[in-house]
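**Q** Residues per chain are reported as follows:
There are 2 protein chains.
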Amino acid sequence: MRHITINGITAEYLPVMDRGLHYGDGLFETIACIDNHIQFWDEHIERMRSGAERLYIDTSAIDHFSTDVNTMLAQHKISNCVIKLILTRGQGERGYLSPSPQHPTRIVILSDLPKYPDTNNTSGIDTCYCSHTISRNRNLAGIKHLNRLDNVLARNEWHDEYQEGLMLDENENIVEGTMSNVFVVKQKQLFTPLLDDCGIDGIIRSQVLSIAQKYDIDTFVTDITKSDMTEMDEIFICNSLIGIWPVKSLADKNYHVGDITKKISQALKKRMQAQ
Amino acid sequence: MRHITINGITAEYLPVMDRGLHYGDGLFETIACIDNHIQFWDEHIERMRSGAERLYIDTSAIDHFSTDVNTMLAQHKISNCVIKLILTRGQGERGYLSPSPQHPTRIVILSDLPKYPDTNNTSGIDTCYCSHTISRNRNLAGIKHLNRLDNVLARNEWHDEYQEGLMLDENENIVEGTMSNVFVVKQKQLFTPLLDDCGIDGIIRSQVLSIAQKYDIDTFVTDITKSDMTEMDEIFICNSLIGIWPVKSLADKNYHVGDITKKISQALKKRMQAQ
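If you read the protein sequences in the order shown, they are chains E and A. Each residue of the first sequence is one higher than the one before, starting from 1 at the first, in the working numbering. Each residue of the second sequence is one higher than the one before, starting from 1 at the first, in the working numbering.
Be a bit skeptical, because a hint or two may be false.
The list makes no distinction among identical chains, and a pair is therefore deemed to hold if it is satisfied within one copy or across any two copies.
With a cut-off of at most 20 Å between alpha-carbon atoms, the simulated SDA-like pairs for lysine to any residue come out as follows [to be verified]:
| # | residue 1 | residue 2 |
| --- | --- | --- |
| 1 | Lys115 | Leu97 |
| 2 | Lys253 | Tyr96 |
| 3 | Lys84 | Arg94 |
| 4 | Lys226 | Met1 |
| 5 | Lys270 | Ala11 |
| 6 | Lys84 | Pro99 |
| 7 | Lys269 | Arg54 |
| 8 | Lys186 | Tyr162 |
| 9 | Lys253 | Gln187 |
| 10 | Lys84 | Pro15 |
| 11 | Lys214 | Gly95 |
| 12 | Lys144 | Gly95 |
| 13 | Lys253 | Ser265 |
| 14 | Lys84 | Tyr96 |
| 15 | Lys115 | Gly95 |
| 16 | Lys144 | Glu93 |
| 17 | Lys269 | Tyr56 |
| 18 | Lys226 | Asn7 |
| 19 | Lys214 | Tyr162 |
| 20 | Lys263 | Gly142 |
| 21 | Lys226 | Asp196 |
| 22 | Lys115 | Glu93 |
| 23 | Lys270 | Asn7 |
| 24 | Lys262 | His64 |
These aren't lab readings, by the way, just hints derived from the structure by calculation. Just so we're clear, the structure is a prediction, and the values are computed from it rather than from any experiment.
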């Protein structure tokens, strides 16, 4: 199943001159719709708005995504799907200078929810380290922009042997998974990488941090190196489609699904059901 | 004037699911066609092939660009234009994993040559430093890929006040211009930034290095910091559309159009006429 609209109109094709193609000049969001409930819509829209402001993309188009999506879900009678939103700076002439005024392009793509084994959520997944390091740039860090060659190259280092790979920066700090954020637990304390220089500031990452605060779990957003990982008691990854997956192996070391991972995972499920 | 083909067929629109849009998962080349002579075609195609190999994009489509371009030039009776080639990894399903097999998308866009004042080539241009720093990533350095948000953000820091801006890395090393490579001359010696960690390995940059070698000009490909720039006797920038533009001012310092810049510029013009 796939349904696409561009600027609210059913379409399969995008003008070749769109700057999304030429420069990756835009943003995206990947959102789960489960049993007619769109998960964390406001948070996704807010992140896109914040990203657009940082990239100086006109934000006025963002308000129309809600109508686009709700119209499409109703028209096609869809209750469960992935909603991908793309906002680009729109079409342009040759050259990097932005058109003025901008006419951003708004794309909505509905597709089937991915099917993963239930055991990913319960007994956990196998992961590796990606050898492709992630680009460092404070000005782009955190933004879910369309310049995603790092993720493409890192993800293509393996096929089915692992369910996720962890990406490092050039100093061997853990940054994130190719499609997820990463948390680790050591002696009942929760840690997640600082994303000041690279990485995507995930919506579920924020939810996990908020859940940890609510449960009074000591939490640190800080540098975590590859060598730190051997000392960790629990590892889990998260994103908007998978929720939380515990990590049962990373490279050659095994981990167990611990109490803090379980506690946060259950709390996240409740929040998702309440959406 | 604009003419577009996708995979050899006249088109204005690209499938929305192309990975060029979703991830900037592809490469491009910008080539000048002057008086029926396509400038440095072999070098551009070779760079694209090398980039595709580094990104693990199937290179077999690259061989077809020549037929695409020559057919379009003949059909539309065009003698002078910009030829933009884009090669993407093609369409894909959701997710970063490459489709297997890949069916890369080949896009050719012909448009008018930009019109710049002749004085840009003779008396030089005004330039600034961009405050947007360039992303560091050894794995992507040199490649003319579609992840160009750095260039977009840097270029949009000014409008008509300057003709180019120089981009720095986070350690204040000069990397390149937003659309060009940079050379400097000090005491008759030529310097250009090392591009091991970021920047695009320009076709005209290679030509300049080769001309300098032919003329026995001492040349160093090395780190050049922002503070080094005040000591330089000459600065020039280059790319495939402009050739060489001397820099007559950078930020608040003026420079003159020196002998080495003139000598290399003349030699480059001869090479372009011989294409």
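**Q** Take the hints in turn and mark each one as holding or not.
**A** Structure-based check of all given hints:
In this assembly of identical chains, Lys115 and Leu97 lie within 20 Å of each other by CA distance solely across copies; the values are 16 Å between and 42 Å within a copy. Taking the shortest alpha-carbon separations for Lys253 and Tyr96, neither the intra-copy value of 46 Å nor the inter-copy value of 26 Å comes in at or below 20 Å. For the identical chains of this complex, Lys84 and Arg94 are inter-copy neighbours only, at 9 Å across copies versus 27 Å inside a copy, given an alpha-carbon limit of 20 Å. Proximity of Lys226 to Met1 under the C-alpha cut-off of 20 Å is found in neither arrangement, the shortest distances being 40 Å within a copy and 53 Å between copies.
For a Cα distance limit of 20 Å, the shortest separation of Lys270 from Ala11 qualifies neither inside one copy, at 36 Å, nor across copies, at 48 Å. In the homo-oligomer, the alpha carbons of Lys84 and Pro99 lie at most 20 Å apart only across protomers (19 Å), although the nearest pairing inside one protomer, at 25 Å, exceeds that limit. In this homomeric assembly, Lys269 and Arg54 never come within 20 Å of each other (Cα to Cα): the closest approach is 31 Å inside a single copy and 41 Å across copies. For the identical chains of this complex, Lys186 and Tyr162 are neighbours neither inside a copy (23 Å) nor across copies (53 Å), given an alpha-carbon limit of 20 Å.
Taking the shortest alpha-carbon separations for Lys253 and Gln187, only the intra-copy value of 18 Å comes in at or below 20 Å, while the best inter-copy value is 57 Å. In this assembly of identical chains, the alpha carbons of Lys84 and Pro15 lie at most 20 Å apart whether taken from the same copy (19 Å) or from different copies (15 Å). For the homomeric pair Lys214 and Gly95, neither the shortest alpha-carbon distance inside one copy (49 Å) nor that between copies (33 Å) is at most 20 Å. For a Cα distance limit of 20 Å, the shortest separation of Lys144 from Gly95 across copies, 14 Å, qualifies, whereas the shortest one inside one copy, 23 Å, does not.
Proximity of Lys253 and Ser265 under a CA criterion of 20 Å is satisfied in neither setting, with 22 Å inside one chain copy and 59 Å between copies. In this assembly of identical chains, Lys84 and Tyr96 lie within 20 Å of each other by CA distance solely across copies; the values are 14 Å between and 26 Å within a copy. Taking the shortest alpha-carbon separations for Lys115 and Gly95, only the inter-copy value of 13 Å comes in at or below 20 Å, while the best intra-copy value is 41 Å. Taking identical chains as interchangeable, the C-alpha atoms of Lys144 and Glu93 lie at most 20 Å apart only when they sit on different chains, with a minimum of 19 Å there against 24 Å within one chain.
For the identical chains of this complex, Lys269 and Tyr56 are neighbours neither inside a copy (35 Å) nor across copies (38 Å), given an alpha-carbon limit of 20 Å. Neither within a single protomer nor between protomers do Lys226 and Asn7 lie at most 20 Å apart by alpha-carbon distance, with minima of 43 Å and 44 Å respectively. Taking identical chains as interchangeable, the C-alpha atoms of Lys214 and Tyr162 are never at most 20 Å apart, the minima being 32 Å within one chain and 52 Å between chains. In this assembly of identical chains, Lys263 and Gly142 lie within 20 Å of each other by CA distance neither inside one copy nor across copies; the values are 26 Å within and 46 Å between.
Proximity of Lys226 to Asp196 under the C-alpha cut-off of 20 Å is restricted to the intra-copy arrangement: shortest distance 18 Å within a copy versus 24 Å between copies. Proximity of Lys115 to Glu93 under the C-alpha cut-off of 20 Å is restricted to the inter-copy arrangement: shortest distance 14 Å between copies versus 41 Å within a copy. Taking CA atoms no more than 20 Å apart as the test, Lys270 paired with Asn7 passes in neither setting, with 34 Å inside one copy and 49 Å between copies. With identical chains, the CA atoms of Lys262 and His64 are never at most 20 Å apart, being 37 Å at best within one copy and 54 Å at best between copies.
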